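A.B. asks: Sequence:
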Amino acid sequence: MADIKAMFNKMNNVTQNGTTDSVPPPAKGQKGTIEKIYQKKSQLEHILLRPDTYIGSVERATETMWIYDKTKECMTQKELTYVPGLYKIYDEILVNAADNKQRDPKMDIIKIDINQEQNTISVYNNGCGIPVVMHKEEKMYVPTMIFGHLLTSSNYNDEEEKVTGGRNGYGAKLCNIFSTKFTVETASKQYKKHFKQTWGSNMTKASEPKVKESGKDDDFTKVTFSPDLAKFKMEKLEDDIVALMSRRAYDVAASSHGVKVYLNGERIKINKFKDYVDLYIKGKEDENGQPLKVVYEKVSDRWEVALTLSNHGFQQVSFVNSIATTKGGKHVDSVSDSIVKSVLEVLKKKNKGGVNIRPFQVKHHMWVFINCLIVNPTFDSQTKENMTLQAKSFGSKCNLSEKFITSVTKSGLVESVLTWAKFKAQTELVKASGKKQSKLKGIPKLEDANDAGTKNAHLCTLILTEGDSAKTLAVSGLSVVGRDHYGVFPLKGKPLNVRDASHKQVLENVEINNLIKIIGLQYKKKYNSMDDLKSLRYGKVMIMADQDQDGSHIKGLIINFIHHNWPELLKLPFLEEFITPIVKATKKDKEISFYSLPEFEEWKRDTENHHTYNIKYYKGLGTSTSKEAKEYFQNMERHRIRFKYGGATDDHHIELAFSKKGADQRKEWLTNHMDEVKRRKEIGLPERYLYTKDTKAVSYSDFVNLELVLFSNGDNVRSIPSMEILRQFYDLRLKYYSRRKDYLEGQLQAEADMLSNRARFILEKCDKGLVVENKKRKAMVEELIKRGYAPDPIAEWKKRASKMQGLTALEEEDPQESEEEPEPQEKGKPVDPEKAFQQLKEVRKFNYLLGMSMWMLTKEKKDELLKQRDQKLAELAALKEKTPSMLWRDDLDALLMKLEEVEEKERQEESSTNKKSAKAFNASKKNRKSLMDIAPSDNGRRVEPKISEDLIKRIQAAEKAKIKKEIKKEYDPDDPTGISPSSGEKKPRSRVKKEKVEKPDKAEKDGLKQTKLTFKKEPKKVE
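In terms of the UniProt record's numbering, the sequence shown opens at residue 1 and continues consecutively.
Calculated from the structure, these hints are not laboratory results.
The structure displayed is predicted, hence computed values, not measured ones.
Where is the CB? At the ideal position from N, CA and C, for every residue including glycine.
Hints may contain errors.
[As the list claims (entries may be wrong)] Calculated lysine-lysine pairs in the DSS-like style (CA-CA distance at most 30 Å, straight line):
#1 Lys352 <-> Lys494
#2 Lys436 <-> Lys348
#3 Lys40 <-> Lys352
#4 Lys269 <-> Lys348
#5 Lys363 <-> Lys282
#6 Lys882 <-> Lys960
#7 Lys348 <-> Lys445
#8 Lys455 <-> Lys436
#9 Lys422 <-> Lys517
#10 Lys619 <-> Lys445
#11 Lys341 <-> Lys260
#12 Lys422 <-> Lys526
#13 Lys436 <-> Lys526
#14 Lys348 <-> Lys363
[Said to hold, decoys possible] Using C-beta positions, here's what the derived DEER-type ranges look like:
#15 Thr427 <-> Gln116: 48 to 56 Å
#16 Arg739 <-> Lys768: 39 to 47 Å
#17 Ala779 <-> Glu900: 26 to 34 Å
#18 Gly442 <-> Lys616: 52 to 60 Å
#19 Lys422 <-> Thr671: 55 to 63 Å
#20 Lys439 <-> Leu726: 28 to 36 Å
#21 Leu726 <-> Arg907: 17 to 25 Å
#22 Lys439 <-> Gly662: 54 to 62 Å
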């Protein structure tokens, strides 16, 4: 037990008095007593022992910093070796002197003297002196207390808004502690006293204060100190640290308005903040070799901002209450973000389609200068290099004027960012460039030439086809010319117009990137000679597109793609096209190919017996056969057309056709083309066409003016809205309404016939005139036919309607192929029963009569059927009175009524919701306004909606589909208007669950039970 207790005592280190000592035992190898290991220091001792906590590092540091060059009379950057701690204690005294300007606006002089030889530094200001009076609580003079005792300050009242640099109560005391000698001299006009006191040995010794009477106008404070160089591992004040201290004198001159600053007896020539900014940019130039422009604005008494361009990333020079915030802070972020936001709005307008520019990328080109006064600023350390106070607590706002922002956008910043963006875009494009390699993987549907990317690559031709069908044609042709020097790649639709496409669109366009990789093109590279072509995977590109307007557009887009990025390639024999016939005229062994419709029309006019030729039109490349493809490639010289460059005129015409900037010129170009076509027709001249029998090459200008113009003109016809199309639409709609009318008349007549037959059947059955019991099916059907009953009228009508629709569709598809005409059938005329039975192979078509249950054989059912028949006949008569246009108007009226119902329902639901919301809202917040006050008025004037033609078409199509669907419903015996399940048609499976029918009790009250007629099974063959 004693051992356990001893163990716990050892673990917990319990002392005799019962308290727990948390001090761990000395580590192994650590010599000395507990007292030497665990020490308590005074604050002064702690500052001297750990100076980096208070003044920063006391080790030498080498950094590139700004200093004032007396020779050049400007600020220059230089690599300096200095001790940050020494620089900081000097800065504390200097900031104190600048702070005095905020306390005493009459202060106008600061004198700084740095004596390297004697190792003394003094800072003087003629502002209001320190009160020379005894502190009643501390029993010492105020200067003695604030310079010789730690944690004393006039800045501890945070409720007071101060725009000074002092905050924590260390400042000047730190300078005193790290000095071998520290003297304070001050005179107070208010107290008419002069005070002087000296400290030594790192503030451990102090002389008695000397106090005497002063003159009436005496007001100043002067601090003279000799840094303890040994603490900073220095032997003397070195040139680098002196240069840095001297630059701080210039900082104070810039940030302290109305103060003359003297350095070593010489006044610094800075009267305002703008003068200070000019020292930084003196002799500096922008990317274009022009002097940097400075945009400056004094926003208020507390804010001054200047901006210029930076070629070395974001730079800032800023001051908060005369403190140099070399690392920036929230004040710099606030101003910079405001400028960046405005610049981005301008960039979005000027950089449409370019690289996406983000805020930090704009900031990267800015150099800002800020001088501000912040209320009670906070910093991340005692060195005060980074201001951390949030913008909402600044005590003032920096609202930059529109004039300043406009000047910034004109300073070259926008152009600099755009230049960078363009460079970045080009860099990204270079990364996306192709390269010469023999094997290329990862590109679907590419049929690469065997020699592509090899030493014989310049002999290879890449055939670009319009789609997969054209690729099949080209591949068939390769069996003639071989695959060594020919590759095939199908284009998916039309290529991108890269001239006006955004950078993102180009980079993300798979088609364009594939072309670049396949051909081996490199962005920014110049292809000026045939030797340059040898760096590509293919020495030529052949465009194989349909000989129609869209095919012409595809050719133009490929030309535009090459011209926009590598215009030099158009001057070389690089681009070609492969043309195929549009029309072929054949007569016995004679075959004539035409490559343009005007050429064919001209041949027809000149050939009297053209009607004896077999004419074949080719809709596209896909309509040519494999045999024809081989014929094309066997006669390659006839089908290969080379594009030739004709000088600057060609460049102009390509840009005219594809540049957005040439919209006005393009209008004039199209107008001239239409006028020329009209003029040639009037004087009887044939149309101009590009390809003749002898055509071997065409210029880019001729291609644009004679072929591509046809697409542009046709595109306008298709794209520009025209009222003329409504006439075609109107005629088409009337045509289908006429068909619909015929369809509905036939349907109503068939339904009326069926109802009439069923009523007559019931009547004859009840009168015993018709006996069907105990007879064979064939005999029953023969009896029905003999009595004039027709097969199921609805089923027969549907069969006739289906046949008519099939023939009509065939006629519309190709009127010449439909030679057989359907037998004319008078609408509503019953089918001849005898004839129907002769054609009938199955007797199930009479099940609409024989399949009725016993419950149908009642007078009530007979009367009901006759009533329904009369209704159908009345509907039929009313329908016959209407014209197709009247049916159309009825549908439009029904649509508008339904639309009105839907909108009215929506308005009521919205009003109901608003009322409920208002009621709930008022219940919780009675004092607030009701939502009904701002809700839409129920009595408001309704604006009639404009219903588009497309919407009307869709609604009418839906109604038509609904009617058709209802007609196709299977016959229900309980529904006389339905279609008999015995009509021979297969009943479609319904997805709607059938409702369970409750079975009646076996023993009903009247004791009756329904009896069913039993019929024998129908024999397989009718005798």
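A.B. asks: Each of the hints needs a verdict: does it hold here or not?
C.D. replies: A quick look at each hint next to the structure:
1. Lys352 <-> Lys494: Since the Cα atoms of Lys352 and Lys494 sit roughly 23 Å apart, the hinted pair holds (cutoff 30 Å).
2. Lys436 <-> Lys348: 37 Å, violated
3. Lys40 <-> Lys352: 67 Å, violated
4. Lys269 <-> Lys348: The given pair, whose Cα atoms are some 42 Å apart, is violated under the 30 Å limit.
5. Lys363 <-> Lys282: This hinted pair holds, its Cα atoms lying about 22 Å apart.
6. Lys882 <-> Lys960: 18 Å, holds
7. Lys348 <-> Lys445: 39 Å, violated
8. Lys455 <-> Lys436: 10 Å, holds
9. Lys422 <-> Lys517: 22 Å, holds
10. Lys619 <-> Lys445: 24 Å, holds
11. Lys341 <-> Lys260: Distance ~37 Å between Lys341 and Lys260 Cα, so the pair is violated.
12. Lys422 <-> Lys526: 18 Å, holds
13. Lys436 <-> Lys526: 15 Å, holds
14. Lys348 <-> Lys363: With Cα atoms ~15 Å apart, Lys348 and Lys363 stay inside 30 Å; holds.
15. Thr427 <-> Gln116: 48 to 56 Å: Given range 48 to 56 Å: holds, Cβ gap about 51 Å.
16. Arg739 <-> Lys768: 39 to 47 Å: 46 Å, holds
17. Ala779 <-> Glu900: 26 to 34 Å: The hinted range 26 to 34 Å is violated for Ala779 and Glu900, with Cβ atoms some 59 Å apart.
18. Gly442 <-> Lys616: 52 to 60 Å: 40 Å, violated
19. Lys422 <-> Thr671: 55 to 63 Å: 35 Å, violated
20. Lys439 <-> Leu726: 28 to 36 Å: With a Cβ separation near 58 Å, Lys439 and Leu726 fall outside 28 to 36 Å, so the hint is violated.
21. Leu726 <-> Arg907: 17 to 25 Å: 32 Å, violated
22. Lys439 <-> Gly662: 54 to 62 Å: Cβ of Lys439 to Cβ of Gly662: about 42 Å, so the range 54 to 62 Å is violated.
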